[in-house]
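Quick mapping for you: the protein sequence lines, in order, are chains E and H.
Here the first sequence is numbered in the numbering used here, starting from 4 and rising by one per residue.
Here the second sequence is numbered in the numbering used here, starting from 4 and rising by one per residue.
Calculated from the structure, these hints are not laboratory results.
Possibly wrong hints are sitting among the right ones.
The list treats identical chains as interchangeable, and a pair is accepted whether it falls inside one copy or across any two copies.
The list that follows gives simulated cross-link-like pairs (lysine-lysine, DSBU-like), each with its CA atoms no further than 30 angstroms apart [to be verified]:
no.	residue 1	residue 2
1	K242	K450
2	K450	K522
3	K511	K107
4	K450	K24
5	K142	K242
6	K450	K599
7	K346	K599
8	K511	K522
9	K205	K24
10	K24	K145
11	K196	K511
12	K371	K142
13	K599	K573
14	K424	K33
15	K242	K557
16	K371	K196
17	K24	K424
18	K330	K24
19	K330	K371
20	K599	K330
21	K33	K371
22	K599	K144
23	K371	K450
Since the structure is predicted, the reported quantities are computational estimates derived from the model, not experimental observations.
There are 2 protein chains.
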Amino acid sequence: MKIALAQQNYHIGNFEENTRKIIAGIHQAKAAGADLVVFTELCVCGYPPRDFLEFDDFIAQSYAAIDRIREETDTIGVIIGAPDRNPVREGKDLFNGAWLLYEKEIKGVAHKTCLPNYDVFDEYRYFEPAYEWKVIPFKGKKIALVICEDSWNLGDNPLYRVCPMDQLIRQHPDLMINISASPFDYDHDEDRKEVVRQNVLKYHLPMYYCNAVGSQTEIVFDGGSVVYDANGNLIHEMKYFEEDFAVVPLPHPVPPLYEELLPGLSVRTDVDEEDNDGPAVPLQKMGSSTAVAPSVFDKDMRVSKQNDPDRVLEYLTDERNIGQIRKALVLGIRDYFSKMGFKMAIVASSGGIDSAVTLALACEALGKENVRAVLLPSAYSTSHSVSDAEQLSRNLGNPYDIIPIREVYDALMHTLEPVFKDSPFGLAEENLQSRARGNLVMGIANKFGYIMLNTSNKSELATGYGTLYGDMAGGLSVLGDVYKGQVYALARDINSNGEIIPHNILEKAPSAELRPGQKDSDSLPEYDILDKVLYQYIERRQGPAAIAAMGIEKAMVARILRLVNTSEYKRNQFCPIIRVSCKAFGVGRRVPIVGKYLS
Amino acid sequence: MKIALAQQNYHIGNFEENTRKIIAGIHQAKAAGADLVVFTELCVCGYPPRDFLEFDDFIAQSYAAIDRIREETDTIGVIIGAPDRNPVREGKDLFNGAWLLYEKEIKGVAHKTCLPNYDVFDEYRYFEPAYEWKVIPFKGKKIALVICEDSWNLGDNPLYRVCPMDQLIRQHPDLMINISASPFDYDHDEDRKEVVRQNVLKYHLPMYYCNAVGSQTEIVFDGGSVVYDANGNLIHEMKYFEEDFAVVPLPHPVPPLYEELLPGLSVRTDVDEEDNDGPAVPLQKMGSSTAVAPSVFDKDMRVSKQNDPDRVLEYLTDERNIGQIRKALVLGIRDYFSKMGFKMAIVASSGGIDSAVTLALACEALGKENVRAVLLPSAYSTSHSVSDAEQLSRNLGNPYDIIPIREVYDALMHTLEPVFKDSPFGLAEENLQSRARGNLVMGIANKFGYIMLNTSNKSELATGYGTLYGDMAGGLSVLGDVYKGQVYALARDINSNGEIIPHNILEKAPSAELRPGQKDSDSLPEYDILDKVLYQYIERRQGPAAIAAMGIEKAMVARILRLVNTSEYKRNQFCPIIRVSCKAFGVGRRVPIVGKYLS
Numbered sequence: 004m005k006i007a008l009a010q011q012n013y014h015i016g017n018f019e020e021n022t023r024k025i026i027a028g029i030h031q032a033k034a035a036g037a038d039l040v041v042f043t044e045l046c047v048c049g050y051p052p053r054d055f056l057e058f059d060d061f062i063a064q065s066y067a068a069i070d071r072i073r074e075e076t077d078t079i080g081v082i083i084g085a086p087d088r089n090p091v092r093e094g095k096d097l098f099n100g101a102w103l104l105y106e107k108e109i110k111g112v113a114h115k116t117c118l119p120n121y122d123v124f125d126e127y128r129y130f131e132p133a134y135e136w137k138v139i140p141f142k143g144k145k146i147a148l149v150i151c152e153d154s155w156n157l158g159d160n161p162l163y164r165v166c167p168m169d170q171l172i173r174q175h176p177d178l179m180i181n182i183s184a185s186p187f188d189y190d191h192d193e194d195r196k197e198v199v200r201q202n203v204l205k206y207h208l209p210m211y212y213c214n215a216v217g218s219q220t221e222i223v224f225d226g227g228s229v230v231y232d233a234n235g236n237l238i239h240e241m242k243y244f245e246e247d248f249a250v251v252p253l254p255h256p257v258p259p260l261y262e263e264l265l266p267g268l269s270v271r272t273d274v275d276e277e278d279n280d281g282p283a284v285p286l287q288k289m290g291s292s293t294a295v296a297p298s299v300f301d302k303d304m305r306v307s308k309q310n311d312p313d314r315v316l317e318y319l320t321d322e323r324n325i326g327q328i329r330k331a332l333v334l335g336i337r338d339y340f341s342k343m344g345f346k347m348a349i350v351a352s353s354g355g356i357d358s359a360v361t362l363a364l365a366c367e368a369l370g371k372e373n374v375r376a377v378l379l380p381s382a383y384s385t386s387h388s389v390s391d392a393e394q395l396s397r398n399l400g401n402p403y404d405i406i407p408i409r410e411v412y413d414a415l416m417h418t419l420e421p422v423f424k425d426s427p428f429g430l431a432e433e434n435l436q437s438r439a440r441g442n443l444v445m446g447i448a449n450k451f452g453y454i455m456l457n458t459s460n461k462s463e464l465a466t467g468y469g470t471l472y473g474d475m476a477g478g479l480s481v482l483g484d485v486y487k488g489q490v491y492a493l494a495r496d497i498n499s500n501g502e503i504i505p506h507n508i509l510e511k512a513p514s515a516e517l518r519p520g521q522k523d524s525d526s527l528p529e530y531d532i533l534d535k536v537l538y539q540y541i542e543r544r545q546g547p548a549a550i551a552a553m554g555i556e557k558a559m560v561a562r563i564l565r566l567v568n569t570s571e572y573k574r575n576q577f578c579p580i581i582r583v584s585c586k587a588f589g590v591g592r593r594v595p596i597v598g599k600y601l602s
Numbered sequence: 004m005k006i007a008l009a010q011q012n013y014h015i016g017n018f019e020e021n022t023r024k025i026i027a028g029i030h031q032a033k034a035a036g037a038d039l040v041v042f043t044e045l046c047v048c049g050y051p052p053r054d055f056l057e058f059d060d061f062i063a064q065s066y067a068a069i070d071r072i073r074e075e076t077d078t079i080g081v082i083i084g085a086p087d088r089n090p091v092r093e094g095k096d097l098f099n100g101a102w103l104l105y106e107k108e109i110k111g112v113a114h115k116t117c118l119p120n121y122d123v124f125d126e127y128r129y130f131e132p133a134y135e136w137k138v139i140p141f142k143g144k145k146i147a148l149v150i151c152e153d154s155w156n157l158g159d160n161p162l163y164r165v166c167p168m169d170q171l172i173r174q175h176p177d178l179m180i181n182i183s184a185s186p187f188d189y190d191h192d193e194d195r196k197e198v199v200r201q202n203v204l205k206y207h208l209p210m211y212y213c214n215a216v217g218s219q220t221e222i223v224f225d226g227g228s229v230v231y232d233a234n235g236n237l238i239h240e241m242k243y244f245e246e247d248f249a250v251v252p253l254p255h256p257v258p259p260l261y262e263e264l265l266p267g268l269s270v271r272t273d274v275d276e277e278d279n280d281g282p283a284v285p286l287q288k289m290g291s292s293t294a295v296a297p298s299v300f301d302k303d304m305r306v307s308k309q310n311d312p313d314r315v316l317e318y319l320t321d322e323r324n325i326g327q328i329r330k331a332l333v334l335g336i337r338d339y340f341s342k343m344g345f346k347m348a349i350v351a352s353s354g355g356i357d358s359a360v361t362l363a364l365a366c367e368a369l370g371k372e373n374v375r376a377v378l379l380p381s382a383y384s385t386s387h388s389v390s391d392a393e394q395l396s397r398n399l400g401n402p403y404d405i406i407p408i409r410e411v412y413d414a415l416m417h418t419l420e421p422v423f424k425d426s427p428f429g430l431a432e433e434n435l436q437s438r439a440r441g442n443l444v445m446g447i448a449n450k451f452g453y454i455m456l457n458t459s460n461k462s463e464l465a466t467g468y469g470t471l472y473g474d475m476a477g478g479l480s481v482l483g484d485v486y487k488g489q490v491y492a493l494a495r496d497i498n499s500n501g502e503i504i505p506h507n508i509l510e511k512a513p514s515a516e517l518r519p520g521q522k523d524s525d526s527l528p529e530y531d532i533l534d535k536v537l538y539q540y541i542e543r544r545q546g547p548a549a550i551a552a553m554g555i556e557k558a559m560v561a562r563i564l565r566l567v568n569t570s571e572y573k574r575n576q577f578c579p580i581i582r583v584s585c586k587a588f589g590v591g592r593r594v595p596i597v598g599k600y601l602s
């Protein structure tokens, strides 16, 4: 049996375009002589469809698209992902379904059991978990068909009380197929392949794992679909960060081990009394978008670096992570623009490292001719700010303008004089400059149809070091999930084949240049310390005592956590951030604005 | 047995203050001779704690607070809500717990079964649903202790597959106690009492229902705790929108009906085959924050108005709804300021209806001396704009300034001349004016420590009729969940004891005044039609065909839905909106930004 995997990039709610792509994939698979072609989770409507799923009309359109696709399945089996109405009175309205279509008929629909409902995921908001499991017969083989998270319930720290493959294995399937929409993060990329391999080793079955690719607002799906044989050998791996297609023959079967396996299954239908006497399990159980339990996977090196405050910066900026982050950000920018129907970006270019890296990545994603830089010097800008930013755009070859903000700032100050009177220069005046810049850039954006890219980094966003409607303006944040230290590493990566970002930009001390001689370090801890603490607090959810125990001064920890917790209201008004870590600000981190915790 | 209900207003994560309040409530109950005092859901940490629950440190602080409260329970039973660690390996880390403390011991913890995970709720993100149910003995009585949504699984359209009271009734409890954090919306207020009554009638037991009060960023809890006797009589009802306390003796028992009840229970542990042959259930199953199934409750009048496009405006603006909305908005403003530690608000006062109502509500919430109005006339402002806004502030007695934007606008235009050249006046120039206003108001806010209140209404936000960083700026949206027609009704309510909002403001045609003679109706459909369509689409999630079938022109429906779906990126950067409807923009409505559905 020949099985094709179609790793495609979908557009949420764009049934016409998604259906066209799926049908093109079917034709390609037919032409290659495949018996079966596998697409990805919720490919018909795009993933994540979020609250569109609550509209009957949206579901009806999805069903109509399935009907169109079904017409193409005369001679080939097709596995697609789409919501399935729940016919039973009790429970949520929908299941997250994997549909096998063949001979123009629906041969079976498997429902997702393990519904991720953490970080960026909200699947239990919409879907009823499966409570029945049936292998689906196809051309003499029995397929154990599961969806994404369904394969992640391994290890000694499971998020769910049911493991669907433990149910399906009792029906003696011949192979496992998993359709996924599993997003990228640099903490996570190794885990996915390892999870597939662990499933294969546990169940002694080959596994076809087809993952989505493409960016959906903030979430980047990186593809990397794989096929493993029943012995745990990787027999095919698909491209990362781009669409791909392959036909992989079903590997030679190994002797079935079902009976031997059965006694070892850890299916939990009720709770033993003794469990309740056990010690409390630490928080942060792990699902497919976070790391899996370290005891399952051999990634001790990475885990030890993440835990070791002296090595965490080394981990955050290591070459492999940075290379992947760069690819994710470029795809994130490109898909945001193409799917929103935009072509041109505008960036406020300050001569600092953040705007330089943003500009370079934007040029990489959209083409230099589609990225306009605006230099907005003020009375407090140093002379090198303008010359460095000019040099950067000359290196990149993108158009730029120099628009001094002095006249606007003076008009603001003059207009406010009757109210401000002779109060001393302070934060309000700094913010006025930043907002004057935001206003000017948005003016050009609105006039000519640019989308403003935001240049704030994760360290600034975490601490609230930014001006709402000023430097926090923009339609998409490129670096909002990238710590300051990682921004430098990205700059070095961008310069690895010759200087694009001028040396001077990499060398100078970071400054907002909103008052004479200002440095970020006047208001913030040094970025080395800051990034270490932020990583432990945000990504690893450590509390103040645990972070201080890593050797960072207690008062410093308290100060940083207070900054994070009192600036939630600013982040709440921030644009979408391309997510590259296991915990980005935005939709995956939901913290009360009005609250008083560590603040 | 005398049972006290303590309906209190908590601060999320403020363990010290919440513990102090709870202990004060215990002392009050002791002084009143109560045997038992009942607090509300997650009262120890505040509701909703959101991702704070993912921090071990936060959970540890909650446990420490319970220990302090326990010390006060020597002679009185105390029921509080707090997260409970899940000791079992499988499943989520926490349960949502109702704790019975007595004699300085933990006598029992009941876990929530039905975890709301729709609209503003994310409980399955954190909590494992209960799968064991035990009545808790206390002074010779058996208490069936449940949490909020647990009592909502009635009707013929249940969201959940398990009903915890159907389990608990088998253990022959003597009374039901429900601790809740059930938010207000004007579509919903009648349902809550009716649900309690339906439970009482179903199980033939008295019920004590204690609900939280107070606003948490966008969610307003309205209190209204109740006690019903076993015959379905309301024997006590507590205040709405404020804290309250009462001691209610346990009503005389009625003859138990447990055995008769048992055969009728609808506990579902598996699925019958025939269910799968049934017709598809329409979407929008209902939980505690949306309406419950109409067949359960006699609210035909309301439902028919909601469905009837000719009567929906009447429903949206009816006096009872508007009176409640006003109370909710005032509480929402007041709690936002007090819990954030702010005192003073600033409002851009345009002479239009939205800013007038916002200003009046702010004065009601914070005191007129704490609310500053800023009038920001431009060249396109009509003369009455300033005079109407001045009259409004004279009526309210709040301070105001007049700050013309001309100089700033001219400076912006002059600065941009080399880029704009001689392009015609358009949207970019309109936005520049709006952002100049935003910049000036934020300047004053930053200088003197005001929080800017946003004045956009729900009709504008829905259609994207607003300028990011301009009139969409602000820290809290007062009217973002109030349709334009409802804003007028609020104005009339505010004027019901004499003119506060000048007559002229109520009479003139809405205009953004960003170009000569501009009217909202140049860009938008008439508000009467707009509000009707928006309500059907947003609150009732009807698709284009269903809305057109209500007698609204198809092209008009398509145009409005396109406006809604293409302006998601704007709302994504908007401040928190005080939620008064069953579907507000913000945390309760999660729609992809990059997508293509009805757009």
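Within, between, both or neither: K371, K450 at alpha-carbon 30 angstroms: within (20 angstroms within a copy, 40 angstroms between copies)
30 angstroms Cα threshold - placement of K142 relative to K371: neither (51 angstroms within a copy, 77 angstroms between copies)
Copy assignment of K424 with K33, given that the CA separation must stay at most 30 angstroms: neither (77 angstroms within a copy, 56 angstroms between copies)
Same-copy or cross-copy closeness of K142 to K242 [CA-CA at most 30 angstroms]: So K142 and K242 pass the 30 angstroms test inside one copy only (29 angstroms; across, 67 angstroms).
Alpha-carbon proximity context of K196 and K511, limit 30 angstroms: Answer is neither; intra-copy 41 angstroms and inter-copy 64 angstroms both fail.
K511 and K522: within-copy, between-copy, both or neither at 30 angstroms Cα: within (10 angstroms within a copy, 51 angstroms between copies)
Up to 30 angstroms CA-CA - K424 versus K24, copy category: Result: close neither inside a copy nor across copies, 63 angstroms intra and 43 angstroms inter.
30 angstroms Cα threshold - placement of K145 relative to K24: within (27 angstroms within a copy, 61 angstroms between copies)
Copy assignment of K599 with K573, given that the CA separation must stay at most 30 angstroms: Result: close both inside a copy and across copies, 16 angstroms intra and 28 angstroms inter.
Identical-chain pair category, K242 with K557, by Cα at 30 angstroms: Result: close neither inside a copy nor across copies, 45 angstroms intra and 45 angstroms inter.
Homo-oligomer pair classification [K24, K205; C-alpha up to 30 angstroms]: Neither: 35 angstroms inside a chain and 53 angstroms across chains, both beyond 30 angstroms.
Copy assignment of K599 with K330, given that the CA separation must stay at most 30 angstroms: Classified as between; 25 angstroms across copies, 38 angstroms inside a copy.
Checked against the numbered hints above, the structure violates hints 1, 3, 4, 9, 11, 12, 14, 15, 16, 17, 21 and 22; every other hint is satisfied.
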